[in-house]
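2 protein chains.
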Amino acid sequence: MKIGLLGLGTVGTGVFEIIQKRKEYLQKLYGQSLDIVKILVKDKSKKRQIEGVQDLLTTDPYDILKDPEIDLIIELIGGDQEAYEYMKYALQNGKHVVTANKAVVALHMKEFLALARKNKKAFLFEASVGGGIPLLKPLRQCSLLNDFYEIKGILNGTSNFILTKMAEEDLDFHEALKQAQHLGYAEIDPTDDIKGADVARKLAILASLAFHKDITLENIIYRGIRHIDKKDIYYLKDQGYSVKYFGKAITDREKVSAVVEPVLFQKISQFERVKDSFNMVSVKGDHLEELRFYGEGAGKNASANAVVCDVIDILIESYQRDFVVLEEQKPSTNGQLIEGKYFIRVNLKESSHSCHIFNLAYQNGISIKEICKLSSQRRILITEKTNVERMQSFIQNLKNLQTSFFAARIEEE
Amino acid sequence: MKIGLLGLGTVGTGVFEIIQKRKEYLQKLYGQSLDIVKILVKDKSKKRQIEGVQDLLTTDPYDILKDPEIDLIIELIGGDQEAYEYMKYALQNGKHVVTANKAVVALHMKEFLALARKNKKAFLFEASVGGGIPLLKPLRQCSLLNDFYEIKGILNGTSNFILTKMAEEDLDFHEALKQAQHLGYAEIDPTDDIKGADVARKLAILASLAFHKDITLENIIYRGIRHIDKKDIYYLKDQGYSVKYFGKAITDREKVSAVVEPVLFQKISQFERVKDSFNMVSVKGDHLEELRFYGEGAGKNASANAVVCDVIDILIESYQRDFVVLEEQKPSTNGQLIEGKYFIRVNLKESSHSCHIFNLAYQNGISIKEICKLSSQRRILITEKTNVERMQSFIQNLKNLQTSFFAARIEEE
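As they're listed, the protein sequences go chains A and B. To convert, take the position in the first sequence, counting from 1, and add 5; that gives my numbering. To convert, take the position in the second sequence, counting from 1, and add 5; that gives my numbering.
Worth double-checking, as some hints may not be accurate.
Chain copies aren't distinguished; within one or between two, either way the pair holds.
With a cut-off of at most 25 Å between alpha-carbon atoms, the simulated DMTMM-like pairs for lysine to aspartate or glutamate come out as follows [as the list claims (entries may be wrong)]: (1) K280 <-> D291; (2) K272 <-> E295; (3) K28 <-> E333; (4) K33 <-> D257; (5) K33 <-> E116; (6) K272 <-> E389; (7) K272 <-> E174; (8) K33 <-> E333; (9) K26 <-> E294; (10) K236 <-> D76; (11) K272 <-> E173; (12) K200 <-> D60; (13) K33 <-> D291; (14) K390 <-> D243.
None of these hints come from the bench; they were simulated from the model. All of these numbers come straight from a predicted model, not from anything done at the bench.
So here's chain A without its partners, still in its complex pose (with noise of 0.2 Å):
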């Protein structure tokens, strides 16, 4: 089998490394031989930190993608556009392909697995989600025998990390993020991380495979985390919570509610445990109650591991026909399934703003359970029950009042 790479950078230097390795095993195992054959990347003179790489570097991608020779793609080059066009015409074209490209994977998941079908080849991207948790194939499996009714998670090894360090080294949120930036977690450009478009990417993906539905990012509603402090964690600390950004989609067959935003988890939650890089999946069910599913979310080998695993998948061909239909119409989706009381903390542009906070959530149909005065323009609320769709509209209004402000879900277990 002939491999082409679209992209040789942390992850692709990853999957050359260990199908080099496992080359002998395989070829002894299976009697068939995974070659990469050509690599495409931006620059041929810079160094590598691998060898025996230098003769298979170009800079064209369509001297990979039109290449007869080559049965299959992987693609790591990342981004949108590029890597659409390239996965697009590669399936059109016979070969398979293999992603860790959630952004690609989230927008068009419907478009490539049809496009797969019809081309009778493989579409798979195991990596893109959960690094190297084997996550998507036992998910799809399962949906086929049960109807998943929830899926939720800790999503994101970046802020997943900045909050352990925040509540653990007593840390600022920036201070955080740069250690995160520091040793190689974070992107240099760290907005889709801590702002929530990579959990909601996730999000998408899982939604749409659990629940056969054709779920996509515009249907996933985020917040972010970067307004969190030092003050917040530690008070939440105090009262037995810790923070983490979590995503959580839940269907009753016909809507569908998927949120992006900060809870809080009780000491005694499994969720609770998982510390830096590492992501948790978990999924509900009618046979099968709940799975889960631990461990690293990204880093090199991890992401490497599932592309690989991907790869003798199509190798043996037991991807074959292995996967599920999303349903043909878009569901319609809001907030109002995703249920809980919140913790606000709000700081105040004027301290006498106080009662005009009771009125908006009042307005907004949600009720202050507890209010708490930390200085003259602090507050913490603690509301009733209510659900996200009324959140973000009083979190919407709220603007007007505040100067700064946190919000999280008390995710109950």
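Based on these hints, arrange chain B on the given structure of chain A.
Below, chain B alone, put in the same frame as chain A:
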């Protein structure tokens, strides 16, 4: 695809129901139908909970095994000798085999895998470990790319239910066992659950797949939990520990240590949060730092779900060659690789025996770090770090000095 079902107990009934329920859906998806055409039972006249089975029942296994129309056997009669013979006969005569029978798999995995390979048929046993958790399939796939060196977990629902009840409801071991039996968790004869054979079998299966070694029941060291009493639980809770019945296997590639014994977890561990009949398995390797799988470890729907997943893999031919090959040589095994401090509670025959314990420990290479006198006869000891090999020998020698005794390794995380 025509299926012969051996056994119509709890799991068998669940398998029948799931296949009926999903028949049309699977037919539409894969263009093939799953039909259970014959069912082996002990007593045809027994009243059944499900309809539509009466005409399929037979009391003669060879009525099924010799039927040339039948493609696949699902073995759910349990037990040892007969199940072994039927499965062997089925594979030798060109039928696929799916089983939940951990007793047979833990003893004869290597033989059955070779037989299946030779006859180009599938031999799958997802339901034998971890109930409904998709565990064995991801494990054996990841084992192709990883050198796993440790696998461990909570693998028995009955004992975990008993320990949960003892801790949460202040029950005696026998009261908790009675509750487990009343609720259908525990068998009428719970020996295998509480003396460790059940966990040992599952650990043998997991370690074989993870390490690619022929590890069978005889290679597992196991100690039961029935000597734990209410006061132990109480004392340990006060010290911040929970007791779990735990299987753990480690390899240094040459040797293997595999042991089933009570262990202590601190409150911060995810394993501590595994309650009732849930299971959790952790595996550590070179590329994937750690993976954890969590879900219902037993029960009609969970186990039936795992069985039908295997059947679908065969239906869509995604089982083929997706398998590990076990090393030819059996590995050498002892308890030396598994280390830790031990908590020991002992009721001495005579209070003067206290100093004998120090000598005995010393003779077995174990240092006692702390000793606490709870009553004239009852002592608690904490050892320095030692290994299972030494501990086994110490426990053996302690027999003459004690009337009752409980030892648990402190599992550090």
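So, going through the hints one by one against the coordinates:
no. : hint          : verdict
1   : K280 <-> D291 : between (30 Å within a copy, 20 Å between copies)
2   : K272 <-> E295 : both (20 Å within a copy, 22 Å between copies)
3   : K28 <-> E333  : between (41 Å within a copy, 21 Å between copies)
4   : K33 <-> D257  : between (48 Å within a copy, 23 Å between copies)
5   : K33 <-> E116  : between (36 Å within a copy, 20 Å between copies)
6   : K272 <-> E389 : within (21 Å within a copy, 29 Å between copies)
7   : K272 <-> E174 : both (18 Å within a copy, 20 Å between copies)
8   : K33 <-> E333  : between (43 Å within a copy, 15 Å between copies)
9   : K26 <-> E294  : between (39 Å within a copy, 17 Å between copies)
10  : K236 <-> D76  : neither (55 Å within a copy, 65 Å between copies)
11  : K272 <-> E173 : both (14 Å within a copy, 17 Å between copies)
12  : K200 <-> D60  : neither (40 Å within a copy, 61 Å between copies)
13  : K33 <-> D291  : between (41 Å within a copy, 21 Å between copies)
14  : K390 <-> D243 : within (22 Å within a copy, 34 Å between copies)
In this structure, the earlier hints numbered 10, 12 are contradicted, and the remaining ones agree with it.
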